[in-house]
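Assemble the whole structure, with the sequences as input and the hints as a guide.
The lines below spell out each chain.
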Amino acid sequence: MKYEPVIGLEVHAELLTKSKMFCGCEVVDSIAAKPNRYICPVCTGQPGALPVINQKAIELAVRVGLALGCEIHTESIFARKNYFYPDLPKGYQISQYDQPLATNGKIQIETETGIKDVRIRRVHLEEDTGKLSHADGHSFIDYNRSGVPLLEIVTEPDLRSPEEVKVYATKLHAILRYLDVNSGDMEKGVIRFEANISVREEGSDQFNTRTEIKNLNSFRALTQSTEYEIKRQTEIYQSGGTVEQETLGFNEATGKTYSQRGKESAHDYRYFPEPDLPPLIVEQGWIDSIRASLPELPEAKTRRFVEQYELKTQEARLLTAEKALADYFESVVEKSKSSPRTVSSWIAGEFMRHLNDLNIDVTNIPVPAEDLAILIDMVTDKKVSGNSGKVVLSEVFKNGGKPDEIVKEKNLAQVSDEGFIQETITKILNENPKEVEQYLAGKETILQWLMGQVARATRGKADPTLARELLIQSLDNLKQQQNG
Amino acid sequence: MDVHELDIQQAHELLLSRKISSEELTGAYLARIQQVDPQIKSYVTVSEELAIKQAREADQRLKRGEGVTPLTGIPYSAKDSLSTRGVRTTCSSKILENYTPFYDCTAIQKLNSAGSVLLGKTNMDEFGMGSSTENSGFFTTRNPWDFDHVPGGSSGGSAAAVAAGLGLFSLGEDTGGSVRMPASFCGVTGLKTSYGRVSRYGLIPLVSSFDTIGPMARSVRDAALVLEAIAGHDLKDSTSRVEPVQQYSEALKKTENLRGLRIGIPKEYFVEGLDPEVDSSLRTAIKQMESLGAEIVEVSLPHTQYAIPVYYLILFAEASSNLAKYDGVRFGLSERNVDSVLDLYLKTREAGFGAETKRRIMLGTFALSAGYYDAYYLKAQKVRTLIRQDFQKAFETCDALITPVAPTTAFRIGEKITNPLDMYLSDVHVVAINLAGIPALSVPCGMSNGLPIGMQIMGPHLSEETLLRIGHMYQSQTDWHTKHPPVWGDSP
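Protein sequence lines, in the order shown, are assigned to chains A and B.
Numbered per our numbering, the first sequence spans residues 1 to 484.
Numbered per our numbering, the second sequence spans residues 1 to 492.
A hint or two may mislead.
Ranges of calculated distance between the beta carbons of each label pair, as one might list FRET restraints [what the hints assert, rightly or not]:
{"hint": "1", "chain 1": "A", "residue 1": "Thr363", "chain 2": "B", "residue 2": "Arg56", "range": "50 to 60 Å"}
{"hint": "2", "chain 1": "A", "residue 1": "Lys56", "chain 2": "B", "residue 2": "Asp490", "range": "52 to 62 Å"}
{"hint": "3", "chain 1": "A", "residue 1": "Lys56", "chain 2": "B", "residue 2": "Lys267", "range": "49 to 59 Å"}
{"hint": "4", "chain 1": "B", "residue 1": "Leu346", "chain 2": "A", "residue 2": "Ile31", "range": "31 to 41 Å"}
{"hint": "5", "chain 1": "A", "residue 1": "Lys263", "chain 2": "B", "residue 2": "Glu272", "range": "25 to 35 Å"}
{"hint": "6", "chain 1": "B", "residue 1": "Asn112", "chain 2": "A", "residue 2": "Asp288", "range": "39 to 49 Å"}
{"hint": "7", "chain 1": "A", "residue 1": "Gly69", "chain 2": "B", "residue 2": "Lys267", "range": "49 to 59 Å"}
{"hint": "8", "chain 1": "B", "residue 1": "Leu346", "chain 2": "A", "residue 2": "Ser133", "range": "36 to 46 Å"}
{"hint": "9", "chain 1": "A", "residue 1": "Val28", "chain 2": "B", "residue 2": "Val242", "range": "26 to 36 Å"}
{"hint": "10", "chain 1": "A", "residue 1": "Ser218", "chain 2": "B", "residue 2": "Lys382", "range": "39 to 49 Å"}
{"hint": "11", "chain 1": "A", "residue 1": "Glu75", "chain 2": "B", "residue 2": "Asn112", "range": "32 to 42 Å"}
Here chain A is said to cover these stretches of chain B; the calculated rule only asks that three of the stretch's residues, wherever they fall, bring their Cβ under 8 Å from a Cβ of chain A [claimed, not checked]:
{"hint": "12", "segment": "192-203"}
{"hint": "13", "segment": "309-323"}
{"hint": "14", "segment": "327-340"}
{"hint": "15", "segment": "366-375"}
Straight line, CA to CA, 25 Å or less: simulated DSS-like cross-link-like pairs of lysine-lysine [as the list claims (entries may be wrong)]:
{"hint": "16", "chain 1": "B", "residue 1": "Lys393", "chain 2": "B", "residue 2": "Lys267"}
{"hint": "17", "chain 1": "A", "residue 1": "Lys312", "chain 2": "A", "residue 2": "Lys166"}
{"hint": "18", "chain 1": "A", "residue 1": "Lys171", "chain 2": "A", "residue 2": "Lys56"}
{"hint": "19", "chain 1": "B", "residue 1": "Lys393", "chain 2": "A", "residue 2": "Lys81"}
{"hint": "20", "chain 1": "A", "residue 1": "Lys106", "chain 2": "A", "residue 2": "Lys166"}
{"hint": "21", "chain 1": "A", "residue 1": "Lys131", "chain 2": "B", "residue 2": "Lys347"}
{"hint": "22", "chain 1": "A", "residue 1": "Lys56", "chain 2": "B", "residue 2": "Lys236"}
{"hint": "23", "chain 1": "A", "residue 1": "Lys81", "chain 2": "B", "residue 2": "Lys358"}
{"hint": "24", "chain 1": "A", "residue 1": "Lys398", "chain 2": "A", "residue 2": "Lys383"}
{"hint": "25", "chain 1": "B", "residue 1": "Lys236", "chain 2": "A", "residue 2": "Lys18"}
{"hint": "26", "chain 1": "B", "residue 1": "Lys382", "chain 2": "A", "residue 2": "Lys81"}
{"hint": "27", "chain 1": "A", "residue 1": "Lys335", "chain 2": "A", "residue 2": "Lys383"}
{"hint": "28", "chain 1": "A", "residue 1": "Lys81", "chain 2": "B", "residue 2": "Lys236"}
{"hint": "29", "chain 1": "A", "residue 1": "Lys408", "chain 2": "A", "residue 2": "Lys398"}
{"hint": "30", "chain 1": "A", "residue 1": "Lys56", "chain 2": "A", "residue 2": "Lys131"}
{"hint": "31", "chain 1": "B", "residue 1": "Lys94", "chain 2": "B", "residue 2": "Lys358"}
{"hint": "32", "chain 1": "A", "residue 1": "Lys402", "chain 2": "A", "residue 2": "Lys383"}
{"hint": "33", "chain 1": "A", "residue 1": "Lys81", "chain 2": "B", "residue 2": "Lys347"}
{"hint": "34", "chain 1": "B", "residue 1": "Lys416", "chain 2": "B", "residue 2": "Lys94"}
{"hint": "35", "chain 1": "B", "residue 1": "Lys267", "chain 2": "B", "residue 2": "Lys382"}
{"hint": "36", "chain 1": "A", "residue 1": "Lys2", "chain 2": "A", "residue 2": "Lys256"}
{"hint": "37", "chain 1": "B", "residue 1": "Lys379", "chain 2": "B", "residue 2": "Lys358"}
{"hint": "38", "chain 1": "A", "residue 1": "Lys34", "chain 2": "A", "residue 2": "Lys256"}
{"hint": "39", "chain 1": "A", "residue 1": "Lys116", "chain 2": "A", "residue 2": "Lys166"}
These are computed hints drawn from the structure, not numbers from a lab.
We put the beta carbon where it would ideally sit given N, CA and C, even for glycine.
In structure tokens form, the structure reads like this:
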């Protein structure tokens with residue numbers, strides 16, 4: 001019997017606002033900031049303090065709702081989600097429940113099995129909790145994070161494999177960064193996932209008992225835990241058992257999920273409308289102006305890059321995965337006289353390799369677009385060879401500096417002096433009679449080796465096209481001499 | 001004449017003419033509290049040092065003649081559910097016995113800017129849950145008219161303090177009659193404000209959608225002065241109203257009669273269970289209103305009978321959530337001998353909350369639980385809408401309504417405390433007003449066996465000015481509000 005997983009995803013994303021969801025406290029990097037410095041009566045739940053809605057958070061949430069094709073509700077309701085935990089100062093979290101801000105959207109994903117729509121059930125706003133830590137038998141609470149605006153984005157149970165889960169999560173991550181609503185900084189926990197998973201016989205349209213894996217903070221944890229959980233549930237069914245409804249945690253070290261709460265101890269959150277806040281009214285005119293200011297999203301950008309710059313889809317997708325990178329690409333194209341495809345292959349190749357090696361975020365590219373344009377153009381104009389170009393780029397990444405100056409300093413300007421190159425070739429052919437003989441005997445791969453020798457002798461400066469022409473010509477001459 | 005016999009206007013004039021200083025006035029009140037309050041127990045905390053400091057600052061203002069308001073240098077008290085920076089704020093609960101806020105609630109802040117002098121914080125039923133102050137976690141306040149009787153609740157300490165001359169006015173808080181009922185039982189004037197008229201920021205909540213801060217004073221005129229100072233929109237309270245605050249005290253000066261006003265008498269409020277003396281006092285008062293020029297008509301509020309269950313259901317639900325933060329983690333009582341977080345919660349809340357509070361938390365938790373929400377909370381909200389519509393309909397034809405505040409005069413201490421339901425039913429005339437969110441004024445209108453009787457005057461949302469005008473005209477023709485309990489004559 002074959003089984004298939006049915007997966008729904010809840011994503012919690014911290015919104016990039018200056019102040020918190022319901023008070024004026026500054027939102028700070030909760031890892032770097034000193035604990036409990038950015039707090040007030042509201043976000044520490046002092047008796048009598050009252051919440052006031054952060055307008056910017058609403059704007060960002062509407063932006064996301066619109067980008068995901070949701071219906072934005074002009075009236076929505078904040079509700080109290082009641083439960084006890086030390087990181088939750090009021091004993092309830094202000095969230096949204098039966099009347100969320102946005103509903104019914106979708107994200108299109110593409111995997112090996114094809115293209116499909118993942119339906120978004122709802123997008124709503126809530127507040128983050130404080131952070132607990134434990135040491136020396138004590139527990140510590142930091143309320144700096146308490147009250148930071150969180151967006152919850154919930155899918156329908158439309159995902160059918162860990163791969164789809166990963167593609168969906170990656171795409172949503174990119175969209176949030178595109179919209180400039182979330183920093184995308186996964187290490188800092190600004191995006192957290194919860195996966196609801198059940199498994200059923202393939203072809204069935206029933207939903208079996210599901211489990212919920214909480215607090216997944218990386219794509220890796222998300223994929224690994226769903227893989228593990230699907231396997232675990234499948235094995236239970238295969239051996240004739242039944243899956244228990246429960247809340248699970250995921251241990252990254254062991255790669256296994258573990259039970260946190262069974263069905264019996266499931267929370268009853270006793271939701272009811274938050275009486276301290278009137279209904280949230282979002283005027284249609286405001287929604288329209290937010291819609292008008294939405295940036296181009298990855299999908300549209302990919303299509304445009306393919307059409308406008310004649311890139312391959314795969315290439316365009318790589319460049320548009322991050323808005324900062326796409327912007328950089330376009331800026332280089334604009335400043336360069338080389339073709340967009342040339343620029344693309346530079347950025348997608350050497351350039352990305354350096355970024356990855358040096359662990360540089362694309363929002364922080366240290367090379368001005370103008371400099372990269374100059375470098376690429378020098379190669380295009382054959383002022384430097386491709387190889388030298390790579391050397392220059394790596395120098396720019398390593399020590400900074402302007403490409404044209406580096407070329408001068410390092411004496412990397414390409415040599416197109418026919419006499420000099422011919423002289424070098426003749427010398428190399430004389431010094432390597434054995435290899436020349438092999439070539440003449442038909443082993444054509446020797447040509448590449450000989451080109452390497454030329455490049456080495458000229459320290460990469462010889463114009464490769466010209467060198468290749470001259471080399472082939474010299475070898476042909478030798479061949480004719482031999483035959484003659 | 002002793003200084004405690006002055007009303008706000010009189011005290012203000014003496015302060016202005018520098019015949020008396022705020023420090024002297026405040027000192028006299030502090031001395032009187034020390035002498036008289038041990039019998040009455042209206043104060044939980046007397047903030048003597050702060051009072052003297054504020055009085056001196058007020059004297060400076062008066063001397064310079066800058067920023068002087070009718071309340072500058074006037075000593076007052078506040079119910080212990082209003083957060084006061086640096087002054088212990090307990091809600092008369094053991095769980096907050098050692099809690100000192102680090103911020104002022106907006107109403108107190110406004111009085112600070114007006115230059116008023118806070119004498120201390122008054123006793124109440126724990127978190128406002130009760131009608132007698134018998135549910136205070138510390139002690140029961142006595143009715144100044146008769147120490148064997150309750151002062152009413154939950155703002156019983158505030159009412160008793162005003163009645164006994166232990167402050168020129170008090171800030172009370174009304175969730176379901178908590179200003180009006182003790183005002184009626186103690187023979188003082190109390191105003192339950194429209195929901196949203198006075199900011200709730202810093203008011204420790206019982207029921208967020210019912211709670212209102214309001215003045216308790218010796219006369220409607222004094223209450224109007226206080227309301228002017230504390231009312232208004234507050235960016236920190238999203239449920240506060242943006243409508244401008246009216247010049248209530250000016251409006252009173254211009255009022256000469258009640259001609260042109262139509263006052264409705266809801267028949268459902270004059271039924272079985274109403275004490276005959278309360279009934280006859282009200283009938284007399286209504287006749288006086290008529291002689292002042294008001295037109296009197298009978299009206300009906302058909303859903304009145306549902307007010308008590310609806311009110312309590314919503315109260316239980318919201319209170320269970322509002323009281324969740326008292327978990328021993330950040331402030332207030334924290335039981336230390338515990339072995340887990342759950343244990344901390346259980347032991348702290350077990351030790352910190354009184355029996356009535358626990359009962360209401362449990363009932364509210366139940367009413368909000370999955371499977372019961374629709375049947376209880378949601379249905380209660382629907383009926384609340386019907387009750388609100390009753391009032392809206394009545395106010396289509398009437399400018400105000402008049403009813404008794406309570407079916408009886410102050411009951412005896414211990415009389416109802418063993419029967420919670422009986423205690424809940426004593427709120428029958430007051431809770432519907434909180435469900436509707438409208439304002440209501442309680443003014444003394446009679447005496448029975450040495451205990452005051454109160455009249456309730458209600459009006460549409462934000463009609464405070466009309467209510468104060470009616471109350472003021474009534475007080476200009478009657479002397480019930482000038483009667484004082486025997487302790488009034490005790491002087492230090």
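Cross-check of the supplied hints:
no.: 1; hint: Thr363/A x Arg56/B: 50 to 60 Å; verdict: 58 Å, holds
no.: 2; hint: Lys56/A x Asp490/B: 52 to 62 Å; verdict: 59 Å, holds
no.: 3; hint: Lys56/A x Lys267/B: 49 to 59 Å; verdict: 53 Å, holds
no.: 4; hint: Leu346/B x Ile31/A: 31 to 41 Å; verdict: 33 Å, holds
no.: 5; hint: Lys263/A x Glu272/B: 25 to 35 Å; verdict: 51 Å, violated
no.: 6; hint: Asn112/B x Asp288/A: 39 to 49 Å; verdict: 45 Å, holds
no.: 7; hint: Gly69/A x Lys267/B: 49 to 59 Å; verdict: 57 Å, holds
no.: 8; hint: Leu346/B x Ser133/A: 36 to 46 Å; verdict: 24 Å, violated
no.: 9; hint: Val28/A x Val242/B: 26 to 36 Å; verdict: 32 Å, holds
no.: 10; hint: Ser218/A x Lys382/B: 39 to 49 Å; verdict: 46 Å, holds
no.: 11; hint: Glu75/A x Asn112/B: 32 to 42 Å; verdict: 38 Å, holds
no.: 12; hint: 192-203; verdict: holds (count 4)
no.: 13; hint: 309-323; verdict: holds (count 5)
no.: 14; hint: 327-340; verdict: holds (count 4)
no.: 15; hint: 366-375; verdict: holds (count 4)
no.: 16; hint: Lys393/B x Lys267/B; verdict: 14 Å, holds
no.: 17; hint: Lys312/A x Lys166/A; verdict: 23 Å, holds
no.: 18; hint: Lys171/A x Lys56/A; verdict: 24 Å, holds
no.: 19; hint: Lys393/B x Lys81/A; verdict: 36 Å, violated
no.: 20; hint: Lys106/A x Lys166/A; verdict: 16 Å, holds
no.: 21; hint: Lys131/A x Lys347/B; verdict: 24 Å, holds
no.: 22; hint: Lys56/A x Lys236/B; verdict: 17 Å, holds
no.: 23; hint: Lys81/A x Lys358/B; verdict: 20 Å, holds
no.: 24; hint: Lys398/A x Lys383/A; verdict: 22 Å, holds
no.: 25; hint: Lys236/B x Lys18/A; verdict: 18 Å, holds
no.: 26; hint: Lys382/B x Lys81/A; verdict: 21 Å, holds
no.: 27; hint: Lys335/A x Lys383/A; verdict: 18 Å, holds
no.: 28; hint: Lys81/A x Lys236/B; verdict: 22 Å, holds
no.: 29; hint: Lys408/A x Lys398/A; verdict: 17 Å, holds
no.: 30; hint: Lys56/A x Lys131/A; verdict: 24 Å, holds
no.: 31; hint: Lys94/B x Lys358/B; verdict: 13 Å, holds
no.: 32; hint: Lys402/A x Lys383/A; verdict: 15 Å, holds
no.: 33; hint: Lys81/A x Lys347/B; verdict: 23 Å, holds
no.: 34; hint: Lys416/B x Lys94/B; verdict: 22 Å, holds
no.: 35; hint: Lys267/B x Lys382/B; verdict: 23 Å, holds
no.: 36; hint: Lys2/A x Lys256/A; verdict: 23 Å, holds
no.: 37; hint: Lys379/B x Lys358/B; verdict: 23 Å, holds
no.: 38; hint: Lys34/A x Lys256/A; verdict: 33 Å, violated
no.: 39; hint: Lys116/A x Lys166/A; verdict: 14 Å, holds
Consistency with the previously given hints fails for numbers 5, 8, 19, 38, ordered from lowest to highest.
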